[in-house]
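Protein chains in written order, with this note's numbering: chain V, 290 to 584; chain C, 6 to 459; chain H, 7 to 313.
No lab work stands behind these hints, which were simulated from the structure alone.
A couple of the hints might just be wrong.
In silico contact screen, one side only, chain C against chain H (beta carbon under 10 Å); selected entries [said to hold, decoys possible]: (1) R17; (2) A32; (3) W34; (4) S40; (5) D52; (6) V95; (7) G100.
Pairs of lysine-lysine, DSBU-like flavour, derived with a Cα cap of 30 Å [stated by the list, open to error]: (8) K411(C) - K167(H); (9) K399(C) - K378(C); (10) K167(H) - K447(C); (11) K470(V) - K167(H).
We put the beta carbon where it would ideally sit given N, CA and C, even for glycine.
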Amino acid sequence: MSANRTSRGSLATGLAWISPWAVGFVVFLLAPIAMSVYYSLTDYALLDSPVWIGGDNYAELAGDGLFWRALRNTLVFAFFSVIGSTLLSVGLAVLLERPTRGAAVARAAVFLPTLVPVVANCVAWLWLFNPQYGLINSALGAGGVQGPNWLGDSSWALMSLVLMSLWVIGSPMLVVGAALKDVPASLYEAASLDGMTAWGRFRHVTLPMISPALTFNVIMGIIWSLQVLAPPMIMTRGGPDNATLTFSMYIYKTAFEFGRMGYASALAWVQILITLVLACGALALGRRMVYYRAA
Amino acid sequence: MDIPSHHTGLTRRAALGTLAAGAVGAAVWPRTPRSRADIPSGRTVIDYWEKWTGPEGDAVQRVVDRFNAEQSRVWVRRTAVSEIDTKAMVAIGGGDPPDVVGVFSYNVPQYARSGAAMPLGSFGDASTRIDPGIYVPAVRKLLTYRGEFIAGITSLYSLALYYNRAMFKEVGLDPDAPPRTVPELDAAAERLLVRQGTAIARAGLLQNLPLWWPYFWPVMFGGVLYDPEKDRAVFDDAATIAAYEWVASYPKRLGVAASEEFGVAYNRSFHSPQDPFIAGRVAMIVQGPWLANFINHYGPHLDYGVAPIPVTPGIFDDASPHGMLEADVLMIPRGCRHPEEAFEFVRFTQRQDVQEQLAREHTKSSPLVECSKEFFVGHPNKCVGVFDAITRSKNVLILPQTPVWKSYAHLTEGAFDAVWRGEHVPAVCGAVQRRAQEMIDKAARVEGLRRARG
Amino acid sequence: MNQRPNNSRGGMPGGAGRRAGSALILLAALAYLTPLIWMIALSVKPAAQAGSATIALLPRLPEEAPVSKASPGYWAALAAQASANYREVWSGAAADFPTYFRNSLIVGILSVLGMTVSSAVAAYGFSRVRWPGRDAVFVLVLLTLMIPQAVLMSPQFLLFKQLGMIGSLLPLWLPSWFGGAFSIFLLRQFFLSIPNELDEAARIDGCSHLGTFLRVVLPLSKPALAAVALLQAVATWNDFLGPLLFLNREEQYTLSLGLQMYQSQHGGTPWNLVMAASCIVVLPVLGLYVLTRRFFVEGVAGQGLKE
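Starting from the given sequences, assemble the full structure and let the hints guide the process.
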C-alpha cells in the first residue's frame, strides 16, 4: 500500500503542491533576509540609496550605548516575562482543568485577552497604569497604599510592561491544558497507590509528562518576548530615560525615525543570532530534561 | 474543553452566516471616505500632513481654508499626523509621499542631504519664486542647508523664562525685574521654593519640567552644541560642562528623589488645567511661546511675565538676548504627485499676512523681516515682544544643523537623566561627545563615499 | 477522558479544598476580565466621570433622569448615555472609523481566504503526496516560525517599496496568499490523521490528487480549516505594525492603526472616547470568539502538539 502511495507522488508533483508556500518563502522571507545581510554592510539612509561600507555598522555597535541599553532591557523583559508567563500558565491550566462549567467559563475569560488587538490592549493598560485615575492605583489607594507612577517612572516602566505581558497568556495556557489532558489517568492512580502527595504527583508525574509542551511554550515565549515592539512604541515610546527601549523598538527607531536602514539591518542580525542561541538553548535544555525523565 | 452547546448549534451557525455575509457586504459596499467627501470637483487635490491637533490644528485649517477659497484650481487636504517626522520619512522612503509635509527644522539637513525634499529655490520664475530674504537672518539659516533654500516656515519658537508674578510679590521679589543672570535665577528659585518635609510643595525652577529639551541648557552658558564650520559636536567644552554642573546642582540641593518625584508627577499634565505652571506648582518654567495659548485657555487669570532666558554674567548682553531658535517647516517631498501645486500652497503660506495670521493664532512671533504694526496690537500672547526680541537678536543660536541631530538629541536625553541622578558630569558629557562625533564622522564619511561614486 | 476523580490533578481533597479551588477560579476569571470590563464601563461614561478615580460600572445619569431603576425611562436614559460616546467616535470629525472598519474588513477577508486556500494546498503537499526531501523541507517550514517578525520589518518594507506597493492595502494581505508556517503545520497534522484508505478509494474511482484534495480531504477537514481561518482573521484584525509601515493615507487606515492615531492625537485625555474607540475595535473579535470558541481552542492548543 505504501508502495502504491509512493508511486503516486513525484518530486515535481510534490513541489507543485507546496509551490504557494515555496514562492512565498523565497519572495517574502529568503530574499528580504538575504537583502538585509547586504544592507547591514552598507550605509542606507532610508531616503537615499545604499553605500557599501563593509563591517562599519557592526564595529559601531560596540560603542553604541543605546544598543547595549536596549539589549539589556530586552533580556530583562524576556527573562521575567517568560518565567512569569510559564509559571502562571501552568498554574492556571492546572487550576482550570477540572470539568466544571465554572472552570470552562474561567478558561474562556483567561483566553479572551489574547484576542484583544494589541493597540486596544495598550490603550486599556495605559489607563489602568494611569497614576492618578488608573484602576490599579485607585485600588491600591483604597487599600491605603500609594501606587507607583508605573509607566512614568524609569525604575517601574519595564516591569509594568512585564506585568502587562502576563495578561496575554491564553495560548500557553491552552497548550499546557491540552498536554494535561493527554496524561494517562493510570499514571496518577499508580502514583496515588505509591502514597505520593499532591505535590509529589505534580512533580513526578505531571511535570515530566507536560515538559514537551512547556519547552514549546518557553521557546515561543523567548521568540515573542525578544521582539516585543508595540507596547513600548504605543505606551512609552521607549522612555522614560530609555527604560523601555527594547531591541525591536531600537531597530524600528533606527530604521524609520533616524532613517538608518543599514545600521538597523545590522541590529536585526544581532537579534536573529540572540534569538537563535536562546531558543536552541531552551530546546536543548528541554530535550535533556525529557530524556532524563524518560531514562 | 467546551461548554455544552448542542441546542445552540443551529442559531450559532445562522449568526455566523449572517456575520460573514454582513462583513462581505460592508467590505464591498461603495462608500466615500470622509476625507474625500467634501472636495469640489475639478480641483487638483494636494495632500498636506501637519502635526498639530486641537486649537493649533484649527488655526492651520483656517489657513488651508483661506487658500482653498482664494483660488479654484487646487484643493489642499490637511491630515493631522502624529509622530509626523517618522511617518513622513517612512512615506517618502516608501515612495508614496504626501505633497506637502509640515515637519521640524531639524529635519531640514536630513531631507536636504538625502535629496528627499525638493528645494524651494528650484521652484517658480522671477515673479513667483519665494525670496529667502524675507526671513529674519537666523530663520533663513534654519530653512537653508549648505546655501540651498529648502523649506518654508509655519511657526517659529525659542524658549524663554515664564515666571509667576504673584508668587514673586509673595516672596518679596520685584515682579518687574525677572532674573537676568544664572546667579539671580538661582537666588529667585531658592526664595520661591516651598518645601513640605523632604518633599517639594512648590518648586522655584526645575529643569526636568518639561523634559522636552534636555539639550537646551548649554545655551545659558555660552555653549553651542555643534560647530557647523568644523562639522563637530560640541558637548564636552567648559561651557557645556558648566551648564550640566548647574543642572545637577538643583537635584543635589532639592534631593534627587524629591525632584524626580515632582518631575514625574507633572510631566504628563502639560498643556492642561493641571499644567504645573498654570496650576501654580512651579514659580518659573522654561517654555515656548505656545504656553501663552494654554494659559489663555486654562488659566486666564494667571498673573505671569516672560523674560529672555537668564545667562551667565560673562555673556549677558542687555541689548541682545540669548536663545535658540527652532521652527516648524513645510517641505515638498521628492516623488510627490503634484509638486507645482504644492509649491503654490507653500508660497501662499509664506505671505506676510498669512504668516502673521498663523503666528498670532499660535501665540508666536513672526519669522519675517517685515512686520506690520497691527501684528502686535491685541496679540493674544501679551509677551510676544520678548520672543520677537530673541528672534531678531544677534546672540540667538539656531538648532544644530546636522543630519544626525535627532540621534544626537536622543543621546542628550540619557545624559540629562544621568546628570540628574548625580553621575560625574564631565564623564557623561564626554561620552555624548564621543558618540555624537562618531555618528557625525560616519555620516560625513558616507557622504564622501557617495560623492566619490557619483 | 473525564472519568478521573476531580482532585486527581493534585488539588486539595475534600469540600474545603474544592471551595478554595472555586474561589481561586473565580479570582482568576475576574483578574483577566477586569481590564476589559473596565474598558467597556469607561466607554459609556461621560467625560466628567471618566476622569475621576471613582470605581463604578455604570455611568451616573444627569439629575433630571428618572431615578428608579424599575422605570423604563431610566434604562432609556442609560442607553442614550451609553451610545453617546460611540456616536461621537463613529461619526465625529476627528476620525473616520467607518472607513477604517471597512478597510479592516477588506484586508481581513482577503487574507483569510488567501491563508486558508494556500495553506491547505501546501499542507496537502506536505502530508498526502510523497516526494523525496519532503520531511526536510517541512523542517524548514517549521524553522521559519523562529524568525522574529521585527527583524523582517525593514527588509520587507524595502521589498514592498521595490514592488511599488507602499501606500496600498496589498502588502497587508498579499503575503497570506503564500501560506503561513503555522497554518500549514496545523492543517498537515489534520490531513495526516485522515485514513489513507479514503484516498485509495478515491484513486480507484479515478480521482487525481486535485480530486482527492477537493472531494475527500477538504470536506473532512472543516474544523481545521475553520481554526486556520479564525486565527488568521484575528491576527489580521490585530496587526498594527504592517499598517503603520505600509499605509500613508487616512482613507486606507485599518482599525488598529486608526485607533493608535486616534489615541496618540488625543494624548489619551478624553479616556471615555478612546475607550469607546477601543471597544469598536475589540468587540467584533470577541463576538467571533463567542460564536466559534471551539475552533479557536483547538487551533491554539494544536500548536503545542508533538514535534
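Against the structure, the hints:
{"no.": "1", "hint": "R17", "in the structure": "6 Å, holds"}
{"no.": "2", "hint": "A32", "in the structure": "4 Å, holds"}
{"no.": "3", "hint": "W34", "in the structure": "8 Å, holds"}
{"no.": "4", "hint": "S40", "in the structure": "5 Å, holds"}
{"no.": "5", "hint": "D52", "in the structure": "7 Å, holds"}
{"no.": "6", "hint": "V95", "in the structure": "6 Å, holds"}
{"no.": "7", "hint": "G100", "in the structure": "6 Å, holds"}
{"no.": "8", "hint": "K411(C) - K167(H)", "in the structure": "24 Å, holds"}
{"no.": "9", "hint": "K399(C) - K378(C)", "in the structure": "22 Å, holds"}
{"no.": "10", "hint": "K167(H) - K447(C)", "in the structure": "26 Å, holds"}
{"no.": "11", "hint": "K470(V) - K167(H)", "in the structure": "48 Å, violated"}
Comparing the model with each earlier hint shows a violation of hint 11 alone; every other hint is respected.
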